[in-house]
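All chains, full assembly: derive it from the sequences and hints.
As they're listed, the protein sequences go chains A and B. Each position in the first sequence, counted from 1, maps to that position plus 4 in our numbering. Each position in the second sequence, counted from 1, maps to that position plus 616 in our numbering.
Source of the hints: derived by calculation from the structure; they are not laboratory data. Being a predicted model, the structure only gives us computed values, none of them experimental. All C-beta atoms in this analysis are idealised placements derived from N, C-alpha and C, irrespective of residue type, glycine included. No false leads were mixed into what you were given.
Chain B stretches covered by chain A per the calculated footprint, using a threshold of three residues with CB under 8 Å from any CB of chain A:
hint	region
1	620-633
2	683-689
3	694-705
4	717-731
5	765-774
6	782-796
Pairwise CB distance ranges, derived in the manner of DEER restraints:
hint	chain 1	residue 1	chain 2	residue 2	range
7	B	741	A	441	54 to 60 Å
8	B	712	A	509	26 to 32 Å
9	A	437	B	801	44 to 50 Å
10	A	152	B	737	23 to 29 Å
11	B	617	A	444	45 to 51 Å
12	A	329	B	712	42 to 48 Å
13	A	47	B	710	52 to 58 Å
14	A	126	B	741	35 to 41 Å
15	B	710	A	437	37 to 43 Å
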Amino acid sequence: MNFESLNSAKLASSGKTLPSNIAAAHAILTRAEWQRAIGDLRAIDAVFLSLWGADDCDRDGSFSIYATFLLAEGALVLQHKITDVIAPSYPSLARAFPAAARMERAVYDLLGIASATVGHESDQRGWLRHAGWPEGLYPLRRSFDGAQQYLVQSEPYEFVQVEGNGVHEIAVGPVHAGTIEPGHFRFSVVGEKVLRLEERLGYTHKGTAKLFESLTQTEAHRLAARLSGDSAVAFSWAYCAALEAITATAVPLRASSLRALALEHERIANHLGDLGALGNDAGFALGLTHFSRLKEDLLRVNAEAFGARYLLDYVVPGGVAVDLSKSAHHLLEEQYRKLAHEVAGLRAIYDDHGGLQDRFREAGRLTPELAQDLGAMGLIARASGVAHDLRVDHPWTPYDGLATQLVTQSGGDVAARVQVRFDDLFESLRLCQTLLDTLADGPIQTELADADSDQLGIGLGIAVIEGWRGPVMIALECGAHGSIRRCHAHDPSWQNWPLLEYAILGNIVPDFPLINKSFNLSYSGQDG
Amino acid sequence: MLTILSRMIRTGILTEPCTEQNSAPSLGSGSQSRTVAPLNEDAATVDALQRELWKTLGRALCIRHVDAGSCNGCELEINAINNPYYNLEGMGIKFVASPRHADLLLVTGPVSVNMEEALRRTYDAMPHPKLVVALGDCGACGGIFGKNYASRGGISSILPVDQTIAGCPPSPTAIITGILQAIASAAQ
Chain A
5 MNFESLNSAK
15 LASSGKTLPS
25 NIAAAHAILT
35 RAEWQRAIGD
45 LRAIDAVFLS
55 LWGADDCDRD
65 GSFSIYATFL
75 LAEGALVLQH
85 KITDVIAPSY
95 PSLARAFPAA
105 ARMERAVYDL
115 LGIASATVGH
125 ESDQRGWLRH
135 AGWPEGLYPL
145 RRSFDGAQQY
155 LVQSEPYEFV
165 QVEGNGVHEI
175 AVGPVHAGTI
185 EPGHFRFSVV
195 GEKVLRLEER
205 LGYTHKGTAK
215 LFESLTQTEA
225 HRLAARLSGD
235 SAVAFSWAYC
245 AALEAITATA
255 VPLRASSLRA
265 LALEHERIAN
275 HLGDLGALGN
285 DAGFALGLTH
295 FSRLKEDLLR
305 VNAEAFGARY
315 LLDYVVPGGV
325 AVDLSKSAHH
335 LLEEQYRKLA
345 HEVAGLRAIY
355 DDHGGLQDRF
365 REAGRLTPEL
375 AQDLGAMGLI
385 ARASGVAHDL
395 RVDHPWTPYD
405 GLATQLVTQS
415 GGDVAARVQV
425 RFDDLFESLR
435 LCQTLLDTLA
445 DGPIQTELAD
455 ADSDQLGIGL
465 GIAVIEGWRG
475 PVMIALECGA
485 HGSIRRCHAH
495 DPSWQNWPLL
505 EYAILGNIVP
515 DFPLINKSFN
525 LSYSGQDG
Chain B
617 MLTILSRMIR
627 TGILTEPCTE
637 QNSAPSLGSG
647 SQSRTVAPLN
657 EDAATVDALQ
667 RELWKTLGRA
677 LCIRHVDAGS
687 CNGCELEINA
697 INNPYYNLEG
707 MGIKFVASPR
717 HADLLLVTGP
727 VSVNMEEALR
737 RTYDAMPHPK
747 LVVALGDCGA
757 CGGIFGKNYA
767 SRGGISSILP
777 VDQTIAGCPP
787 SPTAIITGIL
797 QAIASAAQ
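So, in structure tokens, the structure goes:
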């Protein structure tokens with residue numbers, strides 16, 4: 005494939021096609037080319053998706069650093085081989101793509117590969133490594149024994165101090181007041197007003213990347229589904245799509261449509277939950293009651309139609325686990341009709357409720373300029389006018405036949421994020437109905453093309469899926485005999501967490517739960 | 617306001633009896649066709665439960681939930697037990713914001729190494745008597761994550777566990793049943 009918009013002629017010509025569910029190219033670059041490519045990509049407003057590394061010392065005596073970008077033509081994966089294995093480093097991306105900063109810290113924690121910066125100091129603090137394993141040991145190196153347990157040796161973590169008359173700090177977490185995931189928020193405030201928020205995450209790091217390497221290719225979709233439970237369909241589909249691309253397996257049409265149905269159900273269920281919780285956080289308990297009722301209805305329909313309330317093990321390599329019966333068609337159609345009717349009624353109540361709108365509007369504003377500059381992803385980006393949706397920009401099967409409507413708002417505040425959820429939900433209902441109407445007959449599973457008999461199932465592939473939060477990515481490198489050599493999972497929360505630090509500025513502390521909920525980012529998906 | 621009131625009246629009370637195990641999926645939730653048996657009408661069950669609560673704790677049961685490293689799947693179902701169908705608060709069981717107000721610690725996840733200290737501190741902050749319920753396959757035994765350099769496995773590797781609730785994630789009914797069993801066994 006040809007990436008014409010890139011200035012770097014060498015890159016465009018040397019890029020090889022990469023197995024993927026969308027058009028994708030892969031280029032191996034020298035250090036200088038890597039540095040130049042980053043600048044070129046910034047210049048053409050490429051979307052930075054993910055950064056990860058790999059230890060190939062056992063194979064060719066090198067480390068590799070990878071970065072994925074989304075361009076108009078498709079996905080571009082850059083790889084730079086680092087031959088200095090004593091002090092491995094690569095040119096930092098964080099100046100051009102600020103979202104890379106935390107990913108660079110994570111790459112260092114897991115692999116000991118440092119990002120080299122020019123003219124400013126990089127952040128040396130651990131991100132995923134708190135104190136749970138000794139400094140100088142890197143879990144994703146081939147020599148590291150993943151089963152080894154270490155004693156926790158408490159280490160200090162230096163938050164940025166804000167000084168001045170009347171400034172004080174509020175420390176929140178990792179254990180929060182409600183039923184949510186753990187993370188630490190350090191507010192610097194004057195009175196009620198937030199001057200600065202600094203997040204510290206990584207508390208739910210479970211060593212998933214290392215764990216992938218101990219699983220076989222045909223069982224690891226179960227782990228992918230559990231990277232972030234609320235995005236189980238998105239991640240398990242991404243994993244299976246990457247594996248199917250590498251093994252050149254063609255999934256039956258019916259299975260693809262059922263996967264899309266499951267993905268849209270996941271989107272609707274999460275939006276219903278969020279819309280209720282947002283009402284509740286603004287003091288409107290009736291919203292929570294009704295939206296949680298509608299969500300429960302949908303989950304029970306899931307149980308009847310797909311065999312489970314949450315579809316963690318629905319997408320499997322080669323297809324889906326359960327077929328949709330004819331009787332379930334009626335069940336689903338009735339559910340869609342009822343949801344459309346009820347949500348429209350609740351939307352009217354939300355829109356007309358002065359107290360609710362007073363809390364929603366102007367709260368937690370993320371301006372379109374900032375969202376663009378800092379590389380916002382998915383739902384958060386679309387509420388700030390950054391119009392990207394993989395289902396629209398790079399529709400994979402079956403989205404290539406669905407003409408998904410792009411949903412955007414330009415307000416960038418909590419109200420805009422509420423509206424995007426409503427519009428998204430209605431568009432998902434439309435997609436679900438279309439998928440049902442056009443559901444092909446045929447098998448729901450196919451055998452994977454033999455992955456370990458020859459070179460076919462070996463090598464790198466990626467897949468990107470637009471989950472309810474935004475694009476999730478799996479980069480999979482298959483080894484011989486059905487093994488996994490490396491699997492990198494990316495959740496859009498990586499990009500959006502730092503944006504929450506901006507959205508809260510100038511707001512009051514009591515509005516933080518509302519603003520945080522309007523982002524509703526994944527801790528587990530980011531921590532890995 | 618009129619719209620809101622009419623919606624409340626049209627929806628009615630949806631709460632299901634707590635003895636109903638694995639309630640059959642039902643579609644007609646807001647419609648009149650559905651027979652609903654509000655929990656409050658099941659007086660014998662609630663009475664028995666309240667008596668056990670009083671005997672054990674001398675008041676309503678307060679739960680503090682801690683995510684010790686879960687994938688957030690279990691959290692979705694914990695949230696569901698407070699929806700109108702299951703209405704856990706209707707039984708006098710509620711979630712509280714501080715471990716100092718809690719009788720029962722509901723823990724999800726495998727215990728990640730990075731959450732180990734926070735989990736211990738939360739447990740230590742609770743007054744006696746205290747119960748610990750490990751939720752989900754990961755809470756029970758580490759689940760798919762097991763033990764590794766970043767995960768300590770099940771909750772019992774860190775805290776004394778009174779009750780485990782298996783499932784990935786466990787259904788709301790299973791969670792409620794498990795919580796009730798924890799109370800019942802503590803009462804004996």
